[in-house]
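Each protein sequence line maps, in turn, to chains A and B.
Just so you know, we're using the working numbering here: the first sequence kicks off at 1 and counts up by one.
Just so you know, we're using the working numbering here: the second sequence kicks off at 1001 and counts up by one.
Please note that a few of the clues may not be correct.
[To be verified] Simulated restraints on C-beta separations:
| no. | chain 1 | residue 1 | chain 2 | residue 2 | range |
| --- | --- | --- | --- | --- | --- |
| 1 | B | Leu1082 | A | Ala294 | 40 to 46 Å |
| 2 | A | Ile134 | B | Lys1274 | 40 to 46 Å |
| 3 | B | Leu1117 | A | Ala294 | 32 to 38 Å |
FYI, nobody ran anything at the bench for these hints, they're computed from the structure.
Built from N, CA and C at the ideal position, the CB exists for glycine as well.
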Amino acid sequence: MRGEFAYAMTRPERERQRFAPIDIKEETLMTSQADAGRPSRLLRNLSAKIASIPMMLTAVVIFLGGTLWTVVYSFTNSKLLPRLSYVGLDQYERLWAAPRWVVSIQNLAIYGFFTLVFSLVMGFVLAALMDQKIRFENTFRTIFLYPFALSFIVTGLVWQWILNPEFGIQSVVRSLGFTGFTFDPLYDSDIVIYGILIAGLWQGTGLVMCLLLAGLRGIDEDIWKAARVDGIPVWRTYLFIVIPMMRPVFITTLVIIASGIVRVYDLVVAQTSGGPGIASEVPAKYVYDYMFQAQNLGQGFAASTMMLVTVAIIIVPWAYLEFGGRRRG
Amino acid sequence: MADTFALKDGPALAAARKAGVEPAGRRPRRMLSGRNIMIYGTLFVAAVYYLLPLYVMIVTSIKGMPEIRLGNIFSPPMEITLEPWAKAWASACTGLNCDGLSRGFWNSVRITVPSTLISILIASINGYALANWKFKGADVFFTILIVGAFIPYQVMLYPIVIVLREMGIYGTLTGLVIVHTIFGMPILTLLFRNYFASLPSELFKAARIDGAGFWQIYFRIMLPMSLPIFVVAMILQVTGIWNDFLFGVVFTRPEYYPMTVQLNNIVNSVQGVKEYNVNMAATLLTGAVPLIVYFVSGRLFVRGIAAGAVKG
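For reference, chain A alone in the conformation it holds in the complex:
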């Protein structure tokens, strides 16, 4: 048993020296059986490798393989079943010529822009207020965050009911005497996406608040003291000192919100089913409908590849900023 542990000298760059995860007994046993290549390398740490098989399969087969598969088949004219008959960029041309896709992208842009702006602003204001050593902090946090525990389906259905013109806000305000009051976003194709935005913000702002509050708590109290000694007003301290210091937190939050935005699907399905007409369609719904309803797989693949491109545009610069300089596991 003595000889079983050895230091991992092969990889001295590891910050913490660990015992090399080698099971000598197992290794020697295996080496004596295998004779090709470098079995000791391959069979070292065997249990860990076996235990990681699900992860490797998921990473390689589903995430990498599945993504490549979809991208490849987006260049084919698959209809009911995937077929490898390439048609070049036809599916993409058809996609961008489809009014429904263009509306979807426009909606995603509007929804995305306002979600980012409002959830960051509202989230930050709430976080800043929560950071004033207030009473009932836990109560307030519980209230702001509970919608995040609810599904988008529940969120969408509640707001569908509240925004219902016959019974909801519009009718309540009208019954107060403002008979000309109109507020029926879900039935007006010009503003329907804002109706969805209200629901989305209700669901997601709590999370942003929570993340930013954690960021604010990470700011050294001395910064505040120094700013106060220098007589800088609180709002200026926030705007010019604290927010720039919280840049990493903001960027991470931004990436989280953004990747959520691209996926928005259930909310729209529950609240409007894409209506009125096609006014509130979103890309994720386009993909689903073409893949599983219209049985036009090629279109679905092309649309989902476009979603992938959108995400890549968001993620790649962030990953570059975050991990570009230093290598991290």
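Given chain A, put chain B in place with the hints provided.
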């Protein structure tokens, strides 16, 4: 803490000076300063915005339909009836089936319980292997996994359909459990890897010296030591899987639809007269499980999303 609070409070301090009051000892907090009114006022207004939908749901679900047609959605019920709840649970219709949400509820239970357990078991072992038994190439897989977490699900849906169809489990609950395990893996693996890496490495070394192997260390040291992170992961998974809609609708047959899908079908069905009170009762029933998890778990929920989000 008390004096930093007061110092921040510039105008109030100045006002006190002007009034000839010299600070002596601990400064009492004044609850009704302009600053406090602004802070609590804003927070209160925000709280109302967040609570209103919950209130509306509850109130609507215990009114009768005649009252809903006459009154407004914010008014408290004149007479309370639990009939909508009973109907939502036992006899609301989706298409031809009229056995209410109960079927969806039990489907969701049958999906959520195994998915949560299996995904946590696999991910925790992955995280443990990555933190303590790193082998060559492990980081490559892990990086793919983490990058994969950002890929829109839509991109991977159809390949998974094919894989499951080949395995003969497309449309079954088993298939859906596998899908949830797959998509829970990136975030959970990250969560566990970071947690296990933060444990003192002496512990691991001591166990190695005592001759414990991979599984022994996992089951007898890591697992019992890490119960909080397992609870966090469980909260994350239970709420996430319960709230899922997309996978449920893509990977299961109608008789196995989870609660969210069935809820959507009940509420957005085009046939029949809309019964808003039943709809809201059904919505509340579907939201009840994650809400209970949320209210019971409290800070751990926050920790879960923070761990999942900030480090993601």
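Going back to the hint list, which numbers does this structure go against? Nothing - there is no hint that the structure violates, so all of them hold.
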